[in-house]
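Asks: Sequence:
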Amino acid sequence: MFQAINASGSGLTTARKWMEVTSNNIVNANTTAAPGADLYERRSVVLESNNSFANMLDGAPTNGVKIKSIEADKTENLVYDPTHPHANEEGYVRYPNIDVTAEMTNVMVAQKMYEANTSVLNANKKMLDKDLEIGRG
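Residue numbers (the numbering used here): 5 to 141.
A couple of the hints might just be wrong.
Straight line, CA to CA, 30 Å or less: simulated DSBU-like cross-link-like pairs of lysine-lysine [to be verified]: (1) LYS21 / LYS129; (2) LYS116 / LYS130; (3) LYS21 / LYS130; (4) LYS129 / LYS70.
I should point out that these hints are in silico values taken from the structure, not numbers from a laboratory.
Note that the structure is predicted; figures quoted are calculated from it, not measured.
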């Protein structure tokens, strides 16, 4: 039962960080950078199981999920706008490679992940309360 709580806790932590990273992407979707300056890079969260390979082979219960890495996408979108203050000599402005629709979808998936883990955590709490009630007789 406590393993389920740990798994839910890891899911909550992971979902929160995923929402944070994705929200930063949305906020910076329309940022630009002057030629030669650093441009915001889209970040993506890579998840992995919180189990070791040996534990999985032994059939041990899952320990949840964790963030393996947060990767940056250095791809840029060039938009022709010669009047923009950050336009280069050819008139192109650099924007980060961020698809706001895809990022909103990621936020919704992370939110559902958070809600699901909250439900599991609450169900475990109710079961533990019932166990204590039965134990008191």
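Asks: Take the hints in turn and mark each one as holding or not.
Replies: Hint-by-hint comparison with the structure:
| no. | hint | result |
| --- | --- | --- |
| 1 | LYS21 / LYS129 | holds (24 Å) |
| 2 | LYS116 / LYS130 | holds (21 Å) |
| 3 | LYS21 / LYS130 | holds (27 Å) |
| 4 | LYS129 / LYS70 | holds (22 Å) |
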